[in-house]
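*Asks:* Dock chains B, C, D, E and F against the given chain A, drawing on the hints supplied.
Protein chains: 6
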Amino acid sequence: MKRVVISLGGSIISMEKLNLEFMEEFSRMLGNIKGYDGFGIVVGGGKLARTYISDLRKYNVNDNILDEIGINATRINALAMTTFLDDVNSKIPTTVNDAAEMMHDYRYVVMGGTEPGHTTDTVAMLFAERINADVMINGTSVDGVYTEDPRKNRNAKKIDRMNYDDAIKLSIENSIGAGSNVFMDITSLSIAKRSGIKIFVINGLKIDEYINILYNGTCNGTIIE
Amino acid sequence: MKRVVISLGGSIISMEKLNLEFMEEFSRMLGNIKGYDGFGIVVGGGKLARTYISDLRKYNVNDNILDEIGINATRINALAMTTFLDDVNSKIPTTVNDAAEMMHDYRYVVMGGTEPGHTTDTVAMLFAERINADVMINGTSVDGVYTEDPRKNRNAKKIDRMNYDDAIKLSIENSIGAGSNVFMDITSLSIAKRSGIKIFVINGLKIDEYINILYNGTCNGTIIE
Amino acid sequence: MKRVVISLGGSIISMEKLNLEFMEEFSRMLGNIKGYDGFGIVVGGGKLARTYISDLRKYNVNDNILDEIGINATRINALAMTTFLDDVNSKIPTTVNDAAEMMHDYRYVVMGGTEPGHTTDTVAMLFAERINADVMINGTSVDGVYTEDPRKNRNAKKIDRMNYDDAIKLSIENSIGAGSNVFMDITSLSIAKRSGIKIFVINGLKIDEYINILYNGTCNGTIIE
Amino acid sequence: MKRVVISLGGSIISMEKLNLEFMEEFSRMLGNIKGYDGFGIVVGGGKLARTYISDLRKYNVNDNILDEIGINATRINALAMTTFLDDVNSKIPTTVNDAAEMMHDYRYVVMGGTEPGHTTDTVAMLFAERINADVMINGTSVDGVYTEDPRKNRNAKKIDRMNYDDAIKLSIENSIGAGSNVFMDITSLSIAKRSGIKIFVINGLKIDEYINILYNGTCNGTIIE
Amino acid sequence: MKRVVISLGGSIISMEKLNLEFMEEFSRMLGNIKGYDGFGIVVGGGKLARTYISDLRKYNVNDNILDEIGINATRINALAMTTFLDDVNSKIPTTVNDAAEMMHDYRYVVMGGTEPGHTTDTVAMLFAERINADVMINGTSVDGVYTEDPRKNRNAKKIDRMNYDDAIKLSIENSIGAGSNVFMDITSLSIAKRSGIKIFVINGLKIDEYINILYNGTCNGTIIE
Amino acid sequence: MKRVVISLGGSIISMEKLNLEFMEEFSRMLGNIKGYDGFGIVVGGGKLARTYISDLRKYNVNDNILDEIGINATRINALAMTTFLDDVNSKIPTTVNDAAEMMHDYRYVVMGGTEPGHTTDTVAMLFAERINADVMINGTSVDGVYTEDPRKNRNAKKIDRMNYDDAIKLSIENSIGAGSNVFMDITSLSIAKRSGIKIFVINGLKIDEYINILYNGTCNGTIIE
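If you're matching them up, the sequences are chains A, B, C, D, E and F in order. Just so we're aligned: the first sequence equals residues 1 to 225 in my numbering. Just so we're aligned: the second sequence equals residues 226 to 450 in my numbering. Just so we're aligned: the third sequence equals residues 451 to 675 in my numbering. Just so we're aligned: the fourth sequence equals residues 676 to 900 in my numbering. Just so we're aligned: the fifth sequence equals residues 901 to 1125 in my numbering. Just so we're aligned: the sixth sequence equals residues 1126 to 1350 in my numbering.
No lab work stands behind these hints, which were simulated from the structure alone. Keep in mind that the hints are not guaranteed to be accurate.
[What the hints assert, rightly or not] No more than 25 Å apart at the CA atoms, straight line, and that leaves these computed lysine to any residue pairs for SDA-like:
1) C:Lys497 to D:Arg732
2) B:Lys316 to F:Arg1232
3) B:Lys316 to F:Tyr1231
4) A:Lys169 to A:Pro150
5) A:Lys91 to A:Arg107
[Stated by the list, open to error] Which chain B residues stay away from chain F? Per the calculated CB distances, all over 10 Å, these:
6) Ile258
7) Thr276
8) Thr344
9) Val407
10) Asp410
Every residue, glycine too, gets a C-beta built ideally from N, C-alpha and C.
So here's chain A without its partners, still in its complex pose (with noise of 0.2 Å):
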């Protein structure tokens, strides 16, 4: 079974408006992929999600409260990428046991987050880890890893390829920096490295990126394995 777990972040997908050109293209494309069993799709929550919470947040509402209220967009952006693909879940699964379940009845399975603690990225890696996926695509905003957040410093440069132990070390690096942006969470990589699991970052606004990895396991963005 040859399966790969995209992670659509929601930067990509919902910006000011729900990005639908963008998923009826990533979906057209998916379309076309031959010599694949199986798509797990990942999507995150987006601009709305985070209006509603930075509004929220003036109230001083619990967190998790409003991780939860995350969790939930991301889950209706899921809903609408699916109307975009053929053979693929109607009921968005809420956990990655259930996703697993489904993964054997459809090419595409689409979900969003599951619990409050876990970002997108990990329920992707998490889900890649339990359908036996050896790849893990993270289509973000940013054309792949930097040694320095590349929207500070002109003399970032971007990482062709990485092992799992620098990726993790420059997390933690991002992670403690000032910045919040970091371009994929410990957690995530640290799933990716106890399973082997190859982490393609891109430009996941690039249909092309996709397609050169599925078919070819090169990309213009990060790799790390």
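*Replies:* Frame of chain A; chains B, C, D, E and F shown alone:
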């Protein structure tokens, strides 16, 4: 057991953004009300959901999935609402049955929609019926039921009091007419009729209206009985 | 995917007792139909449920619980129906969402009602909408839609073909009138309209009608489109 | 916590039709009982279910599905029973585990069967065991346990008091004998034995019997301990 | 559909520790079997569970909770078992109903116990009955059914073939006797009888026995029919 | 509402066998504590689970399923723990959401893990956050947080008090270092930080420590705030 169910239309709870000021004020008001054993609160979807849905509609998306997305949006609003109340459920029930079970445990049970084909007004009425509430308050964006659409016809008159059959007839006329702006759907009114639940249709943003109804059984809107 | 949903009214499936002869014959007929990918079958409650409910009504029992009892009865009938079919679900789904998920696995998915406030006709229509069925067959105890109640007025005429709006108008007139015998409820017709699902209202006991519809798209009942 | 579980056999709760007079009287009686913290009530299936099942059996239907149908019927009866009680669950639990959880919330928890292979007597006993009830009252259509089937042998004698082992032996003898009329199944008796739950087998229609047991610990039926 | 259910006793699957060698060998054997559409596999609890339970028993713990703990242990064993099989469920079903639904999707469905009061042999038999399996293989730690306990009486003789009634009688005699070592409980045998499921009681560790049964319908243990 | 969540590490609750003496003593202690409205108790997996998992790992079993097995083991331990407490849940919740809902009903809510990728410490912290607990007590096998691993370095010093950022840094250093013995994972510490939950890391076997914390807010371990 003296219980009331309140339906808060999406148009008052979630306008351009979540109407948190209202939610807070409304919750504070309820917290001060004496003499009641429980409040069921059903919240609608609002602007956000409508934007999502109208965007997706351009892609010929299945209406059922659009409804499902709308229902998910109501649940997000319901989660937000719970953060302003004490002694309230922390999980949003997805059936009236579960909500009724929760009503035994909390002073407030907040929920959104349940399944495609039911408006949140209908959910509120089924909830009222199930927990033997005598009264259902419908907080809308208009200050009562009018003989015609007040935004279109200057001669439209607000109705102070009407019986179930007249309300159902008016709802039907509105449904058939060009404007899809129906004050309450036929199903919710039919349930009210069969179980004799008194309905107060009010401008949901006016906090005084709730107080008046809960203490005096009167309002400046419309009473259907 | 070519799918059809069939609503089998309680009046034909469960008369004095379960109409097992019909269930068997109906199932054999479906088993021989070629060219379809799946059949959703929604069964009603019938005599037994009505007896239970009318007995309880004398004790002023909450209508919501009576509906719940009625829904449980439809699920028993649905279970019975499954025993005559091959390649069918063994657990009766309690939401249209779950039923749609099952439709991926089986040639037949049989279910009953879902929650109070929805007729089984509405459940059938929501099911049809969700699985993108073009056609919904409504098997009733009458042989089509009549201009008036044929049991009361000898001049009532069967309508061969009508559009959604006329059907909705007629349904409304029937609802208001004294006789509560409505051929199909307004909610189910509205869903059909919004998604363009063609409805065949037929005498559900006549096996030939189903065959005619499935192969030729014609019937001796009424077509609403 | 002083709790009791009562098993109401289908033969007393649902004869030709639902025995609503009994349900009402029984509920009123329980409402007046002082000194108890909670009552578990497990209701059987009755005439209706048996008719359905015997009709289906003629079609060689899978016994497991017949059991499932019978269980659904007990849940309908359980729903009906709840309508006569205050402070009672509104959703019928489908496992003893869920019922035990509900027992914390209500004075009465009403349920039916759980899964094929368990009689409602066994469900009642498991429920008693789980909530640490000392007593299980078995309301049957006979007025106690007899040395032989009283309907067949005029010399059959009612047993006032017997120990678990003797009860189990008698149950086994009955099971083997031609008549399938066993006063209580072996599984339920074995559970009673391992947890020391005292059983009162009584004519379930006699309201005085319950009062006697609950206040005085005596009855005109049979005590198994 | 040719399906078989196999009950793997805890005593063979989990001795001092999980018997992984056996699990692997057993799984490899099943993977090579041709001519079957599906295998239900029900695994018992084993040594670990018994140690937990006997420790807790000293504290007078509720037997029902001990059963629940035992059931959880069977589910852990079931999860472990799934790791050796391809085309198998990834979520352990908690009811026979869910397991039957899964049987439609996989070649293997592995499960443990369901609820207190049911042995895993009974679960296996209910599973067999539900999915219309003709055969149930009971893999135990003894090589068949004996006239008496072979560990206590040297004259005990293995029975090659017996009918349901004799098996039930022997099970009853064993239950009553001092030794609690019953080859199969009465409930599971009664279900086999009512649905005509042929039982093979074998030494579950002997891989050849399974092959013999599946291809030739014979074994060195005991056939109950 | 004054609520506390206690995380009981597997290493103290389940050593060679279940540490029932401790469970009993711990429960008696909690039963005597005055002035609190509720206790969340999250128990770890312990020796048994680790043995199972390390055996399976030799067979290259999917890490996700191993996590799942570990989680099932924590639920068994949680079930065992419930047997020593009064006013406690009888069903082990599988999400923090469900646990929060139960907290409304009981003085004690006991649970284990929720899903792969979350330690039980993280579950405990999410639970604390959700129910607005100010304090999380982490009962471990060491008597506090040390500057280095005390079992490896004699100069390691116990830290009395540290802030969240220092704790996170130390946790990161431990994670990177050779020894995988991290006092608390980064995710749980981050949640504590964002919601200002005070952490007490103590030798979980010392009953006095809990009493000291609950009454005086002090301990002989480490306070993170």
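*Asks:* All the hints need checking, so say for each whether the structure fits it.
*Replies:* Taking the hints in turn, this is what the structure says about them:
{"no.": "1", "hint": "C:Lys497 to D:Arg732", "result": "20 Å, holds"}
{"no.": "2", "hint": "B:Lys316 to F:Arg1232", "result": "19 Å, holds"}
{"no.": "3", "hint": "B:Lys316 to F:Tyr1231", "result": "17 Å, holds"}
{"no.": "4", "hint": "A:Lys169 to A:Pro150", "result": "18 Å, holds"}
{"no.": "5", "hint": "A:Lys91 to A:Arg107", "result": "14 Å, holds"}
{"no.": "6", "hint": "Ile258", "result": "21 Å, holds"}
{"no.": "7", "hint": "Thr276", "result": "28 Å, holds"}
{"no.": "8", "hint": "Thr344", "result": "26 Å, holds"}
{"no.": "9", "hint": "Val407", "result": "35 Å, holds"}
{"no.": "10", "hint": "Asp410", "result": "31 Å, holds"}
Hint violations for this structure: none, all hints satisfied.
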